[in-house]
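J.: The residues making up each chain are set out below.
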Amino acid sequence: MESNNPLSLYTISSFVILNDKGRRVFNKYYTNPFIKYQHYEKSKETSNTQASEDLSLNKKKQVEYEKSVFKKIKEQHISHNKDIELLVLDTKTIIYQKVNDLYFVMQSNSSSQNTNEILLQAVFEGIIKSLDLLLDGSVDFATIIDNYDLLALVVDEAIDDGIVLQFDESCIVNRITLMTEDEGQINLNNIAEKGFKSAWGFAKNRFSL
Amino acid sequence: MSAKTYKRFNDSEDSMAVFQDCLTTFNESPVNPNKCRKLLSKLYRLIINSVSYEPIFKPQEATSLFFSISKLFQHQDNDSLRQMVYLVIKELSSMSDDILMATASIMKDIQSQDSIIKPNAIRSLVRVLDSSTALTAERLLKSSIISSNNDISSAALVSAYHLLEISEPTSKRLINETVETIDSKKSNGKLPIKLPASDLNSEEFEKLQYYSAHNTHMSQYHSLALASSLKKNDEMGLLKLIKQCDPTTVDNPFARMEILRLCHRLVLKNSSKIDIILPYLDWSLNGSSTNNFIVLEGCKIIFNLKLRDMYPAAIDRLSYLINDRAISSKFAAVRLVSDYCHLLTPELANSIAADIEVLVNNENKSVSSYAISTLLKIGNSDNIESLVNGLKGSGMSDDFKIILIDSLAGLINRFPKVIVDFLLDGLKSHEGSNLLKNKIVDCLSILFENDSMNNTLDETFKINILESLCDFIEDCEYTDVLARVIYLLGEYGSKISIDSSVFVRHIYNRINLENSIIRAAAVTALAKFPNITEPLLKNIAKNDLDDEVRDRAVICVSTLNHQNDNLIPSVDPNNLIHSDRYLRILELRMNKYSEKNDFSNFDIPAEYEIDIKEIEADQDMKANLESNHLDEFTNEADESSQSADDGNINPSDSILEAKIRHKYTDLTESVLNEVTKSKKLTDSTSEFLISCQRFIFELNDNTEEILAFKIENTMDFPVQNIKILDDDNIIENIEPQEKVELLVKADNVVLENDKYWSLSFEVDDFEEIFEFNAL
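Chains as they are written, first to last, in our numbering: chain A, 1 to 209; chain B, 1001 to 1775.
Simulated from the structure, these hints should not be mistaken for laboratory data. Hints should not be assumed to be uniformly reliable.
[Unchecked claim] Partial selection, computed: residues in chain B whose CB lies under 7 Å from chain A: (1) I1048; (2) D1079; (3) L1087; (4) S1094; (5) R1123; (6) S1328; (7) S1329.
[Said to hold, decoys possible] Mimicking DSS-like on lysine-lysine, the simulated pairs with C-alpha atoms at most 25 Å apart in a straight line are: (8) B/K1365 - A/K82; (9) A/K92 - B/K1377; (10) A/K36 - B/K1058; (11) A/K74 - B/K1365; (12) A/K72 - B/K1365; (13) B/K1058 - A/K61; (14) B/K1038 - A/K129; (15) B/K1365 - A/K92; (16) A/K129 - A/K82; (17) A/K60 - B/K1042; (18) A/K59 - B/K1058; (19) A/K98 - A/K74.
The C-beta atom is built at its ideal place from N, Cα and C for all residues, glycine as well.
Isolated chain A, as found in the complex (with noise of 0.2 Å):
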């Protein structure tokens, strides 16, 4: 990807989730969506496909990556932090918080010296109150895995293969449908499945009804 093209829409290469023994829980890693095809093409005519250097193409470099960020992590990590902080690996830019006991990360696609760190924070900070309101306030483990279709839909909204779609929490909630309530047919009228409740319980969370 054009990552030294500081107009390039390519703003986020990678958007992971580690629990506190630093396995993901969650992770995407991006490039263009053309890129990942071609290499799934040339990956059946040969079988040997892991040299590719792309971390978004090799798998053992993502683990690489997660190991290394999460010992980084660890490191300088003070444990009742709750912020966002930023560390820099490798000349990327890497902005992480650590929500209970999960830690979100989200690395910079350009060099750290063509990121602009703000904005990077404002994606991610758009995800996590995402979360935070669709899972209403309890973005942990357990819940995660319980609402996995909810985390995912949300990075989904919220990053298209590394272009920033959506930043605005409430934007974002606003897109994301729940499921059903009742398990039988469907009721056209529901308005729960059509994103609708969640604007509603986001404007009650907003205003603190």
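Given the coordinates of chain A, assemble chain B onto it according to the supplied hints.
T.: Frame of chain A, contents of chain B only:
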């Protein structure tokens, strides 16, 4: 699924069970959407979290999985299920071919009226396309871009941006719609259900209205970025684009940042355009509702373009960012100051220093390290001592220390005592990476080098440092660091006026204890103390186990016998270009010499003697070598040759010079006066990549200028009869991706004020002209 894969996933999620569940549940009738969505999210988690290289599902399994999922498309009017289906489809799209078959269903969804899943459908669509089918999406993308819904428009714009990678023409057809969208304000997705008014009291309803009116206009950002990358070669178009972006209409902060970056790029290309950026910088710094990341971007550009008048305003805003609560603001601001503090006047530097001092004790190591390093850079003598002393024993990480040492390197000649103390502590400590120790040795070398020129340090201080280094080599685990320290001891220890036997003893100890690399370094160092070490060296020359060590010892001893110090010249770093060339010639002659099997006389080439034939032969040899390597290696070689192009030192200059002399024999007598750096004259996307270097020769006040063009054909067909301007030098054929050199006498072709030069070429006997920027 094999038993092996089954087992691997057993600990987290049973993939076999999920697979079976998916097949049965998705094929049920009627479908239970809730259960399906749960299963889909399980499947999604399984796919993204797998760490195995083999695909999780075998091809047949993936196919049957895909067909069950596509059954869910028949299930209309359930957005919450459909949204999840799209998520999984996007994930599968990079691991299965079947996914192409979902195209029709996806397109149907895009044409529907549903504003919730429409963006999801659009974003999934580009993932099932390839370069041959991309055009089919054009109409759908077009109508989606102009949609009044922000999310739909954004989804289409982002998808078009992805398409640039495989099908630029498709995206280019969307340019008009994209440009239209830049300054339009789109509504957010409307709440999909008409509210029964009776359910809400008026107060609640108002708040809901406020909420749905909340809008970030992100589509402005996406359309601006897409438009600017479609027009990236069209300067006028970009200027027009910027003019269109009135700060009052474009209010998305991301879009505003993109405008700043776009202006910045235009100014970098053409500094006379500086006026376009000034108003935007002004509103980035002073705008009332301006966002922090725009402020940061504005400050970056001000420093990057060195707009001195705006420094005070920028520093003022940076000090505000430093005091911001968000870590990223602090970090970005302090790093920016650290990068550019050499540009600041002392008053400005001191005014920001007060803010930065607070950050020294920040809990975040990256922030505090930049803070200290900035203070060191702008500091005056009072606080440097206290800063450095405060650093000792503060348990810093290596990266932090490395940043610090980089800024200390600039100060070491001014404050040697306090800094050397700090460095030696770091060197002797048992912790610390190889890189860190190397940096410390770099720093000490700077000190000694400076001293050997200016003689500013007093003798006892130097002896103290060298003695500490002696202690250090007693237990150092890094071979390369050790070798460098031994070099320092030899080079500078021998210049100390007191008895230097103490250094010899320490170095000689290494001969007995260490590996061959260190022993070799030690031999060279010992040779600097000829009076004491000659017998030692003779001994080493006879008894050492390693060839290199013995060879060095032999050379050293024979040098001493000849009383000729110049046989082992110290390498002058300024002469590296020549030595590189010299070494290549030497290597070449040695190869020939050993091939001949006649070991009588070997004539060592004189220092600057170049023979064109030899260099060409040398290049051929290299080319042969390269072609034998695997693809990756050639790629690497390409990259390295590219980086050599960008750098200052370019050994290929001399090769080109030799070629020019070979071609234009009338220049034989002239002296090469100047070589310019290679300059790119085309964009990286054009049909030909052309770069050019000027070679200026001089003879008896006559100058002759030769232009050396490098031309690469980036098209996928060969072109014939290429010539530049009206020159008579013609290249008969350039294959795709082939690079050729063309040497042209500047007088023959160049008119003073041309803005563009042209290159003519033939394709299938049709002559065509390609214009590119003049040098």
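J.: Decide, hint by hint, whether the structure agrees.
T.: Here is what the structure says about each hint:
1. I1048: holds, 6 Å
2. D1079: Hint on B/D1079: holds, closest Cβ of chain A at ~5 Å, below 7 Å.
3. L1087: holds, 6 Å
4. S1094: It holds, given that the least Cβ distance between B/S1094 and chain A is near 4 Å, below 7 Å.
5. R1123: holds, 6 Å
6. S1328: Holds. Min distance 4 Å.
7. S1329: holds, 5 Å
8. B/K1365 - A/K82: holds, 16 Å
9. A/K92 - B/K1377: This hinted pair holds, its Cα atoms lying about 23 Å apart.
10. A/K36 - B/K1058: The given pair, whose Cα atoms are some 18 Å apart, holds under the 25 Å limit.
11. A/K74 - B/K1365: holds, 12 Å
12. A/K72 - B/K1365: holds, 11 Å
13. B/K1058 - A/K61: Given pair B/K1058, A/K61 holds - Cα atoms ~23 Å apart, limit 25 Å.
14. B/K1038 - A/K129: Satisfied, since the Cα-Cα distance of roughly 23 Å is no more than 25 Å.
15. B/K1365 - A/K92: The given pair, whose Cα atoms are some 16 Å apart, holds under the 25 Å limit.
16. A/K129 - A/K82: holds, 14 Å
17. A/K60 - B/K1042: This hinted pair holds, its Cα atoms lying about 23 Å apart.
18. A/K59 - B/K1058: This hinted pair holds, its Cα atoms lying about 18 Å apart.
19. A/K98 - A/K74: holds, 11 Å
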